[in-house]
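Engineer: Chains L and C are the protein sequences, given in the same order.
Just so you know, we're using the working numbering here: the first sequence kicks off at 27 and counts up by one.
Just so you know, we're using the working numbering here: the second sequence kicks off at 1243 and counts up by one.
FYI, nobody ran anything at the bench for these hints, they're computed from the structure.
Note that beta-carbon positions come from the ideal geometry of N, C-alpha and C, so glycine has one too.
Fair warning: there could be bad hints in the mix.
[Claimed, not checked] Reference listing, derived: stretches of chain L covered by chain C, where coverage requires no fewer than 3 residues with Cβ under 8 Å from a Cβ of chain C:
#1 109 to 120
#2 156 to 167
#3 216 to 223
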Amino acid sequence: MKRKDILGIKDLSKSEVNEILSTANAMRETIDRNERSTVLRGRTVATLFYENSTRTRNSFESAAKNLGATTMSISVAASSVQKGESLVDTGKTLDALKTDVIIIRHSVAGSPRLLAENVKASVINAGDGMNEHPSQAFLDALTAQRKFGSLAGKKIVIVGDVKHSRVARSDVLLFGMLGANVTVCAPYTLLPQGIDSMGCDVDSDFDRAIEGADIVLPLRLQLERMDQAFFSSREEYSYYYGVTQKRLAACADDYIVMHPGPINRDAEITGEVADGDHSVIEEQVTNGVAVRMAMLQLLTANVGGEL
Amino acid sequence: MILLKNATVVNADGMCETDVLIDGETISHVTPNIECFGAEIIDCEGKLVFPGFIDMHCHLRDPGQTHKEDMESGTRAALAGGYTTVCCMPNTTPPLDNPAMMNYIRTRSAALDNADVYPIGCITRGQKGAELCEYGRMKEAGAIAVSDDGLPVSNGAVMLNALKYAKTFGLTVLSHSEDKSISGTGVVNAGENATVCGLRGIPKAAESAGIARDVLLAEEAGARLHVCHVSTAESVDIIRQAKKRGASVTCETCPHYFAATDDEILSYNTNAKINPPLRASDDVDAIIEGIADGTIDVIATDHAPHGFDEKNKEFDYAPFGTVGLETAFSVAYTRLVLTDAIKPTDLCRLMSAAPANILGLTDRGRIEAGARADIVIVDPDAEYTVDARTFKSKGKNSLFDGWRLNGQITDVFVKGERKTL
Chain L
27 MKRKDILGIK DLSKSEVNEI LSTANAMRET IDRNERSTVL RGRTVATLFY
77 ENSTRTRNSF ESAAKNLGAT TMSISVAASS VQKGESLVDT GKTLDALKTD
127 VIIIRHSVAG SPRLLAENVK ASVINAGDGM NEHPSQAFLD ALTAQRKFGS
177 LAGKKIVIVG DVKHSRVARS DVLLFGMLGA NVTVCAPYTL LPQGIDSMGC
227 DVDSDFDRAI EGADIVLPLR LQLERMDQAF FSSREEYSYY YGVTQKRLAA
277 CADDYIVMHP GPINRDAEIT GEVADGDHSV IEEQVTNGVA VRMAMLQLLT
327 ANVGGEL
Chain C
1243 MILLKNATVV NADGMCETDV LIDGETISHV TPNIECFGAE IIDCEGKLVF
1293 PGFIDMHCHL RDPGQTHKED MESGTRAALA GGYTTVCCMP NTTPPLDNPA
1343 MMNYIRTRSA ALDNADVYPI GCITRGQKGA ELCEYGRMKE AGAIAVSDDG
1393 LPVSNGAVML NALKYAKTFG LTVLSHSEDK SISGTGVVNA GENATVCGLR
1443 GIPKAAESAG IARDVLLAEE AGARLHVCHV STAESVDIIR QAKKRGASVT
1493 CETCPHYFAA TDDEILSYNT NAKINPPLRA SDDVDAIIEG IADGTIDVIA
1543 TDHAPHGFDE KNKEFDYAPF GTVGLETAFS VAYTRLVLTD AIKPTDLCRL
1593 MSAAPANILG LTDRGRIEAG ARADIVIVDP DAEYTVDART FKSKGKNSLF
1643 DGWRLNGQIT DVFVKGERKT L
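Construct the entire structure; sequences and hints are all you get.
Structural biologist: So this is what it looks like as C-alpha cells:
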C-alpha cells in the first residue's frame, strides 16, 4: 500500500480497502492458529490518546505486539500535553524518538490529519471527534464479510446517535464502497444534516428501517446527550429505537447484530439480543486486532522500503 | 502638487476619463487636460483611479494582542490593499470601551501617518453585554461607531437601549448579529460538509435570527443599524424587507462570503474557519445577488490576523478569522467585476462611497474637487498569485493564499501624500 497514513475511509480507494480487508482476514487466521509474527521487530508503535479508551487502545497495542513491535503508550494525563504542549510539538517529539507509527485518538475532528502533515511517522486515526473511526469500520466489515462473503446488496441498518458518531460515518462510507445498502436511523435530533450525501438512506422510523435487514448495528447511546435536549428519556429512546428480539423478527432470516461497544444493556440493545445467537459482538473484538495488525503491517511495509 | 494624467476615475455614480490635480491635502481639480506647471505628473493610462477604500470592519489587535497585528503593521497592510481609512473593532486587550482608548488609537495612528484609523467603541463595558459605554465622550475622543463585534449583546433590552443611546449621539451601531444559543459550540456552517468532516455545525438561523432581532429592535428604537458580515440568503432577505419598510438599516458582507464556499473546510484548513462561517453555494449566490441589487451596501474585510501557531492547531482550538486587507480589492474585482455581476462604479460604492456615507466621513469616498485627497490607483489588467508570506500584515492566515487574482493596487495617496506600499 503506497500511503503514509490511514486517516479515514474517505481517503481510501476501493483497492486499498480490499487490500486491508484481505490482509486482515489472513491475520485473523494467524490469530486463530495462535501464531506470532516478527515483521515489525525493531519498529516502534506509539499510541497517543487524547480521549479515554480501553478497548481500541488495547486492541492496537496487542496488534503491534503480535507483529513483534515495541509499543509506547502516551497517556495524556501524565504527559507534557498537560503542561500545554501542542499536538504538533508532541508529534515532533515522537518523530525524534524514531517512532514508526503513531496511533492517535482525539476529540477534535481532523486532528490526525494535522499530526500526519507535521510528522514523518505514519499516522493511524483511532477516532477523531465526530469524523471517522476507520479501524472500527474495517472490523465491522471484516466481521460481516466473514459471515456473508460478499456484502453486495446486503442491507445494514445503523441506528442511534448518528449525529455524534464517527463509527456511523466510517461505516456508511465503507459498507457503501463494498456494495451494501446502508440505512441510518435515529430521531431527527440525532441525524446530521446532509448525511445522505455520504451514500445512505435516512429513516427516523426504526420499525420501517429494520425490515429485511441483514445487519443491525446499534450505536452506543450517550446518556449525557439527554441533558442537551437531543432526546427525552432513556425509556422513550429504547421504546422507539432499542434493538429488541421482537423488532429483529422483521430482519432477513440470517441476520447479525453488531455493536461497537461498550454496550449500555437495555438502552440501545437488550441483554438478550447482545448475548443471543445472532450477536457477533465478540467476533468483532477479535477481528479488531486482525484489522489493526493488517493496517500496521501494510503501512510499515511501505515505509520500510525507504529506511 | 500632483497631477494624475489620463485617469479613468471611478466614482459611485459614474466613470470618466479625466485628469486629477492634487493640491496639498485636497483634490483641487477633476477635469480633462489639466496643465499645471511644476506639478509631479503620474501617467494613469490604462489604470483605474478610485477614491481610497474605507474598511468599516477590521481587527488591528492593538493594544494587547500585538503578536497578531499592531497599529503599524495593520495600517501598512491597509495601504497595501488600497485602504486609506480603516475602522478597528474594539475587541482588543483591554477592549476599546472608554474615551482614553479612543484617544490612544487616534493619536497612535496620527503619529504613524499611514492609513487613517478610526476606533469603533464597545457597545457595552468590557463587551460584557450589560452596562453601556460612554458613547458621547467616546465620540468626542474619536469613536466612529459602536460595536461589541464577536460578542453580540445577547440581552434584547440592553441592545434596545444601546440603539437608543447611540442615536442620542448620532452614532451608528455596527452589529455582529448572532444568537449564540443557536450557534452553540459550532465551528463551521451546519450542512453537508460539516457532516462529512465531523465538525460541529453553526446553523444559518444563528445569524439570520440574530439579524431579525436587531433589525426589529432598531426599528423600535428608530435608530440606525449597520449589520456586519452578512453571509446567508435568509439574512439578505431580512435586510431587503427591512429596507422596503423604510428601516434605517445598512449592511456589509466580506470577500470570503461571495468568493468561497464551505468546501474550503473539507481539508480542515483552519484559515477557512471564520465566523460567520463560510456557507454553501446557494448562499454565495444570494450574497452576490444582494450586492448587485444594492441590498448589501458595503464590502468590509473583517481582517482578523492571528499568529501562525495559533492557527496551526486542531480545528476546534484554532481561532476564527482570515486576514483580508491586502486581498479584498482583488478578490472583489476578480469575482464581482470581471464576472459582470457588478460594475466598477458599484465596487466604488461598496468599498468607499457607502462606508463614508454610513460613517459620516463627508470629506472622502469620492473623487471630486474639494474632497480629501485619498486616492488609490489600480492596474485592472495585472494578474498575480497571492503569497501570504509577502503580506505587510503580521497575520499570514489568509483564506486566499495561493489564489490567482486580477487587479493590483499600484499607488496610494493619503491626504495628498503618496505612500510607500
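Engineer: Each hint needs a verdict: does it hold in this structure or not?
Structural biologist: Verification of the supplied hints:
no.	hint	verdict
1	109 to 120	holds (count 3)
2	156 to 167	holds (count 3)
3	216 to 223	holds (count 5)
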